[in-house]
Structures are given as structure tokens and as C-alpha cells.
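Student: Protein chains in written order, with the working numbering: chain H, 88 to 307; chain P, 88 to 307.
Some clues are possibly wrong.
A pair holds if it fits inside one copy or across any two, identical chains being indistinguishable in the list.
To be verified - Calculated cross-link-like contacts (lysine-lysine; reagent style DSSO-like; alpha-carbon spacing at most 27 angstroms):
1) K230 / K270
2) K155 / K169
3) K117 / K284
4) K244 / K169
5) K124 / K278
6) K218 / K301
7) K225 / K278
8) K228 / K169
9) K186 / K270
10) K94 / K124
11) K298 / K94
12) K260 / K298
13) K217 / K94
Derived from the structure by calculation, the hints contain no laboratory data.
Just so it is clear, the structure is predicted and the values come from calculations on it, not from any experiment.
This is what each chain is made of:
There are 2 protein chains.
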Amino acid sequence: MEKEFEKPSVTVDIVIFTVFEKELKVLLVKRNIEPFKGMWAIPGGFVRMNESLEDAAKRELSEETGVKDVYLEQLYTFGDIKRDPRGRVITVSYYALVKPEGIKLSASTDVSEAKWFSISKIPKLAFDHKKILEYALKRLKWKFEYSLTAFSLLPEKFTLGQIQNIYEIVFEKKFDKRNFAKKLKSLNILKTETIEKNVSFRPPQTYSLKKDIKEVIEIL
Amino acid sequence: MEKEFEKPSVTVDIVIFTVFEKELKVLLVKRNIEPFKGMWAIPGGFVRMNESLEDAAKRELSEETGVKDVYLEQLYTFGDIKRDPRGRVITVSYYALVKPEGIKLSASTDVSEAKWFSISKIPKLAFDHKKILEYALKRLKWKFEYSLTAFSLLPEKFTLGQIQNIYEIVFEKKFDKRNFAKKLKSLNILKTETIEKNVSFRPPQTYSLKKDIKEVIEIL
DNA sequence: CCAAAAGTGTTAGTGATACACCCATGT
DNA sequence: ACATGGGTGTATCACTAACACTTTTGG
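Generate the whole structure from the sequences, applying the supplied hints.
Tutor: Given below as C-alpha cells:
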């Protein structure tokens, strides 16, 4: 570039969702440094020169949760002039869906603590992170309606009850069991697996997604 | 900020759509400078420190077309490391829908010419602009399906024929006149205006969007 | 009276919703 | 036997899609 203009900084922020304890959870970090020191925030960080936006998001995600097998989607880019008191910072937001198993939360340098919050009990957030979270939640619901993204919150093999629970938690309402099963089956995306009797009660039929469908979700 | 890291540059690119001559058109500019000198590209430019992303997009839009009354929506942020041979440039893409009346195309410093291209006759584009355009087109169609955004391509008062034409052009297929009218009317968004007999043949009923609906489209 | 676009209703099919009972298992 | 979640079918309603003729105007 011939001339050097003053440039904004660019960060990625990642709204990380999971579901456990019958609740939709978001990962927040407690800020260790100013501004907003001591306040909760959506995890994120500066984009390095040698990584794409998505790579930056994946790096942050892996640093925070240790998890790699996730659904990750770009949300929106927030660029108001005064959204960061330190100066001009543009943030490219992402949201991620991680399976609740095998997550290891780890704090990084800028952050003293990382914790899952129920979506119904979100504390006051730093920067414009409230707006970002609301946007993420809207997109999440929207996406669940017309895609199979929800399945990325479940293990390889799952039951109809599990996937219905996910939907009921995210949409905060009950669905009719029969209609739900009917619809899923009519989509022709399920492969029946062998039943395993592990816990108790009547053992449910387990399913997995057909191979080609799994690929669709990766791209989605 | 305590430390100064090397920062990427940030641009906005705007895919500007309109409809005339029974075709969906995109505005492209011919590049006056390297890289990709002489090639067609999506209009855009660097984000200034004192303007938000949306302001930057509006400024570019107004510089290119002289038009202010537009629908503008952020699309996606492209940040691959090598998308610009000059160095690290992250671009926040937008798309805009402008009414075909009263557009004044004007070339700027970096650009020798601005021209409308039919969506079916797009030349080879600079940078990753082909990808951006494809993304914009996908979003446009998607948006037309479940929102009233299409109306922002029409003047205040319009006929059912006009709006149906827009849909037929964008989706590249014919719709049944009766079903189309029925659906629109059932949405309860139309205000009937007085018929003006201007051209010839049987004069069509003109409509406008109800006031509260217009506001919805602004936000959409 | 001809050309051109506007206007208008009915039918069949498809997908969504509402609803209640029996089943398989572990304790 | 009972407690717990799993599994299944039918009837109604709403929405979508297919389809053709008459009307209004200008020339």
C-alpha cells in the first residue's frame, strides 16, 4: 500500500453456546484488565495478521474451551465508533455450538475466569456485548427453525427425546412428541442405530444423522 | 491501547442491486489503479476512523449513485489473508437495493467508470468479488422469500403487476397472477390508492404499503 | 373490434396441529 | 406393582398450487 492511513483494530468475539442442566448456556469471561475490568464479557481477541477471521475465531474457541468439534458461524460485524473506549475497534462476531461433553474451561491472560451462564441469568456485560449476545440468540433460534444445526449440540448417536429437549430448551416451549417425531422422520435424515440399554426405564431407539446430512451441517 | 500491533486494513464493499429492463442489475466499477487495474469490481473503499461501518457503506453508495433512499444490509465479512495482494485487507460487505429512478452514476478517483451489469452477464471480477456477489445474490433471494424487502425496489405507489415482476425477475420464474395477488392481499399490508390512467390498456389498481409496514422494511 | 394487461374463485393436495393410550425397563 | 420416559395414529385445519375466462382501456 502506498500510503499508510490510520487503521482500526479488528477483533473477533465468539458467543459460545451449549446446553446442559436443561438450560441454554453461554460462556462468559471475567475481564482481568481495563476497560471494564472485573466485568463479564463475551470471549474474543485481536485478529492476527497471519490468520483468517475464521481461524482467529477457532483459535479463541479452542483457547477458551479446549474443544475443536464445533459448529461455528459468522454473525455480524459491529463497527460503531465508540463501542470500545480504548479507540476504534471493529469486532467480527461469531457464534459457536459446542457439545457439553469434554469441555475444559481455561482462563487466559486477559481473563481471570471463564464460566457458563444460563441464558436467563446473564449479568451486565462489557462493551456492546449485550447487543451481540441478543443478536446471536436471535440467529440461533432462526437457524434452528430452518436447519439441522441443532444436532451439533448432540453426540454422534442420540435419541428423539434428546433432540426434542434441545428444541424445547432453545425455544422455551414444549412440542408434541408425536408430531416432533413424525416431522423428523419425514425429513429422511435419520439412520437408526442399535439400541443400547444403559440407564433405566425403557431404552430409547438411538439414531445418527445420515452421512451426507452431516456434511450439510458442517457447511451450513 | 498499550501496545501497537500491526493492524489489518478494513474496507466496505457494497453490492448495489436494482431492477430495470426486466433484469436484475448490479453496479460494477472499472478499477483505475493496481491491483486488478482495468478489471471490474464491486464498489467499495476504506473505512474512515470517524465513521461507523454503515456510515462508510452509505457514503460509498451515495458517492457511486447519488441515491440516498435505499435499503442497506450488512452481508458478511471476508477476511482471508490473501484476498488482497497489497496486504491484509478485511472487507465488510453490504448489499443495497436502489430504485431505478433518479440514479446518477459517477466515477470516483480509484475508478474510471461505473456501469450496471445484468446479473446474467457478469464479467470476471477483481479480488474475491465473485464470491461476494454470489453471497449477496443468495441473501437477496432468501430475503425476498420471507420479507417485504422487495418493495424497496419500487416507488411509493405501485401495482401488483410491478411487484410480481420484481419477484419473477429475481427468482427467474413465473408466478401465478391470482395466487400472487391473493397472498399479498392476505398479508394485510397494502393500502389501495386512487387509480391513475396514465399509459394505456386497462389502468391497474395502485397500492402503497401501510405506514407501519414501511417502518418494518426500514429496520429489516 | 382488436390488442394488451388487469382482475377474479374454486378445487385438490400437502403439511401443521391437536390429542391419549399402551410399552419396555429398573427398582 | 409402580414409576419413568418411549413409542405410536387419526382427524381437522390452514396454506399452497393449479387452472381459464371476463373486463377495461386505447388505438
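Student: Compare the structure with each hint and give your call.
Tutor: Evaluated hints:
| no. | hint | in the structure |
| --- | --- | --- |
| 1 | K230 / K270 | both (17 angstroms within a copy, 25 angstroms between copies) |
| 2 | K155 / K169 | between (33 angstroms within a copy, 25 angstroms between copies) |
| 3 | K117 / K284 | neither (42 angstroms within a copy, 66 angstroms between copies) |
| 4 | K244 / K169 | neither (46 angstroms within a copy, 39 angstroms between copies) |
| 5 | K124 / K278 | neither (49 angstroms within a copy, 53 angstroms between copies) |
| 6 | K218 / K301 | between (31 angstroms within a copy, 24 angstroms between copies) |
| 7 | K225 / K278 | neither (30 angstroms within a copy, 31 angstroms between copies) |
| 8 | K228 / K169 | neither (29 angstroms within a copy, 34 angstroms between copies) |
| 9 | K186 / K270 | within (24 angstroms within a copy, 42 angstroms between copies) |
| 10 | K94 / K124 | both (25 angstroms within a copy, 24 angstroms between copies) |
| 11 | K298 / K94 | neither (45 angstroms within a copy, 41 angstroms between copies) |
| 12 | K260 / K298 | neither (30 angstroms within a copy, 33 angstroms between copies) |
| 13 | K217 / K94 | both (26 angstroms within a copy, 26 angstroms between copies) |
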